[in-house]
Amino acid sequence: MNFKRREFVKLGGIGLAGAILIPPFLKSCTGGVNLSKGSEGYLNHFEVTPQLLQKVISAAMEKGADYADLFFEHTISNNSTLEDGKVNQAYSNIGFGVGIRVLKGDQTGYAFSESITPEDMLKAARTAANIANSSGKALSADITEFVSPNYYPVGTSWENTSIKDKIPFLQKVNDSIFAADKRVTKVNATIGDSTSYIMFYSSEGKLAYDFRPMVYMYVTSIMEQNGRIENFGVSRSARLGSEFLTEQLVDSLSKEVVAKNALLFEAGKPKAGEMEVVMSPGESGILLHEAIGHAFEADFNRKKTSIFSDKMNKKVAENFITIVDDGTLHSDRGSLNVDDEGNATERTVLVDKGILTSYLHDRISANYYKVKPTGNGRRQNFRYVPIPRMRCTRMENGPHKNEEIIASVKNGIYVDSFSNGQVNIGAGDFTFFVKSGYLIENGKLTKPIKDINIIGNGPRALADISMAGDDTKLSDSTWTCGKDGQSVPVTMGLPTVKIRKLTVGGTNA
Amino acid sequence: MTINEKYALADLVIEHALKSGAQQVSVSIDESRSNDIEIRDKKIDKLTESTRNGLSIDLYVDKKYSSASTNRLKKEELFKFVDEAIAATRFLAEDEFRKLPEPELYYKGGGKDPGIIDNSIDSVDARTKIDMANLVQDEAYGKDERIISVSSYYSDNISNRVLVTSNGFRGDNSDSSVSLTAAVSMKSETGRPSDYWYENSIFMNKLLKTGIGTKALERAIRKLDPKKIKSGKYPMVLENRTAMNLFGPLYGALQGYSLYQKESFLAGKLDKPIASKLLTITDDPSLPLSPGTRLFDYEGLAAVKRPVIEGGVLRNFYIDTYYGRKLGMKATSGSSSNVLFALGTRDMAAMVSSMKKGILITGFNGGNCNGSTGDFSYGIEGFLVEGGKIIHPVNEMNITGNMTEVFFNLAEMGNDFREGSSFRIPSMLFENIDFSGI
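Chains as they are written, first to last, in this note's numbering: chain H, 1214 to 1722; chain W, 92 to 529.
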């Protein structure tokens, strides 16, 4: 298959020659679509016709399925990396194909094809069709185009951004980190960008499409002091084009990484055991993601394996706590215009003033619970089935002040940077790894702490949030969530909160 | 694509890249086919079939380096893809260390085929595979009234890879794996604990197909109603299945990349003691019929058996060509093959039975390790042991320490590694570990 050159030219409105003289890294082997022309552009991009889509769907349904859908994807991703003071390595990838899903009740048949010739697509469709085994029914739906709002408009797309335009930002972040502190001995920095063309078609006749930009910039610094080595990494991410790269971004990344790296030389470990934990606004949202977010994903509840399976419409937290999962935030890493099952995304209220009000649904679970899909059906790429996943999970403002919350703690810790977390859905045990924080002694932040794991139990921790600040903040770090072997981009947010009791890793006398 | 077609395509792409301005090129073409079946509560939940292809190319252009990969394998598209990659590479900074490996380090042929592929997996029909998963399911389903859900899984994979470099390496390798897994969720007043068991093999006829559901059920039942215990220093027995969590950071610290980036707590420790004398690890690519068996690594370097740790003394890092040059060290290989541990004389149960008071760890929950300093902290679950007996399950606890110290606390190696993995890690006993609980 060959993509048409003219479409590529149309996309960025720049000349072909210009594109070749300053190639992005990589542009793709292909072309683009005219975004303003909606579905026609996407059909052209994937070189399929509505008739062919219907034919493939018919093959997928020929063994008596209830439903089938096609998920076309073309993703171009690039990483440019600085090491030893120069941008001397780059990696690019192109992923292209169509995933074909067939449902019979809540049973799933899935296959994908990396080639989208009619023959290859029909073969994959017939493989997926095997989940059903009754007589086939013919299906001819009218095509309805789903036009979604655009939560992540793009200034200059990554396909029209040369590696040449990324290099100066990597160089600048390197130079400003080295200039900021004499103890810096190494800096690594990466800009990773990707562009995805998504087209979705179902046996219900729904045609949806999305253009998904993504970018992150990640920097690590390493400092040495009296023979000790400490490292720290920080990042920012968004669904934006190259307008993401600014002087302010470089400035904020380098200031943060230097300050946090330097602090580690003063940091130690707390005493092991249970204590009050205050979580700073922003990336402490990892608490929501791990403690309750996964357990709210409706597949676990439908299978009754989640510890929250019997808690719907029950009080799970204090009255001042409202938690949402939002796919509609402007240019947010976790946002989606349309989910990977062709459903509109939304702001889903999970906990409303302390009461559990909704799970996160994909198509299968929404049918099971007889509710409207919440737009949480997501997949890593066309090679995977969609499952319920989070987007941006955050807590809204509470009634307390940050200072008041810290002052209320006699012996505890304050935590502000994290690298990773995990949860055991059924037992409800969740963890997050603290990269930096402070001891709280008699209401005051004292000695810095680092590199400790915190473990708690989801429903108990949620009920134990005794104070919530009026300072909610989103984290724009590069969070990636893994479940069932699939990774998807997410974000999180939290005001300052206090939890009565969590088990903190540390030392014993 | 057949293996020969892959070689032909790799040759074409290399020829094109050299003509278009690259001085050196390495191309690999990968193919992977797999089947996955999930049965939940006696019903097929999911059938997935997949075939993936991919070509990746490393380009060395005027002392500059980049790498690119794609699953679009039509010749014309690939040529254009390579042209764009070469053009973009020219914008990068020069890097004198970026070159293909020295040809004398390449595998030159003549070795015995590792034979770690079972093509018969392809000819087993879907029904038989579903029946295997059903058998696993039946061992647990309905066997206890507290069961909420039983899932069983069949999974297989056949992969092959062709690697060709412009300075003389040509080689291909193939492997397969097949596995059966059971996961059981239970309900009690305190939560819904779950556990799993699996068996895997390179060969269909060597795959253990029974006892999987039974073991998963037993494991889930014994986890009901856990309690955490008081914080303190306790000995721990680490079950073989979870021991990799502690050795992952050690293996990270052995990498050339980590050394160069000052993210290795083992920097400067070559030929020095880093662990108890009981710890001896060998990297053995020649072990018969094991998943890590190989004649050459991903760069084409000839596979060599090497000591990694001998009696607690560090003997070798894992050094790839690029970081070897940057560090001024000889390239060994950037990746492990089969990792063999010197074994003790007793299994996990025996070690537990002679423990006065301690914790048996059967699972980890999150946590991390700081590569530069070796500081670690992990969530754990397992069992309280007193007087050699398992007293009750524990959860919601952490272990915390430093990797440069913890391996000196290794007090006994077990003899019970699991077959089927390239890391042959037995259960182990450690003394004096910091646990945080109540």
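Hints listed in this document are in silico derivations from the structure and should not be mistaken for laboratory results. A couple of the hints might just be wrong.
What the hints assert, rightly or not - Partial list, computed: chain W residues near chain H (C-beta under 8 Å): (1) ALA159; (2) GLY478; (3) GLY479; (4) ILE482; (5) HIS483; (6) GLU487; (7) MET488; (8) THR495.
What the hints assert, rightly or not - Which residues of chain W face chain H? A partial, calculated answer using Cβ under 10 Å: (9) ARG163; (10) ASP186; (11) GLY259; (12) GLY262; (13) SER285; (14) TYR289; (15) PRO317; (16) TYR469.
Glycine included, each C-beta is placed from N, C-alpha and C at the ideal position.
How the hints compare with the structure:
no. : hint   : in the structure
1   : ALA159 : holds (4 Å)
2   : GLY478 : violated (22 Å)
3   : GLY479 : violated (23 Å)
4   : ILE482 : violated (18 Å)
5   : HIS483 : violated (14 Å)
6   : GLU487 : holds (5 Å)
7   : MET488 : holds (6 Å)
8   : THR495 : violated (12 Å)
9   : ARG163 : holds (5 Å)
10  : ASP186 : holds (4 Å)
11  : GLY259 : violated (24 Å)
12  : GLY262 : violated (23 Å)
13  : SER285 : holds (5 Å)
14  : TYR289 : violated (14 Å)
15  : PRO317 : holds (7 Å)
16  : TYR469 : holds (6 Å)
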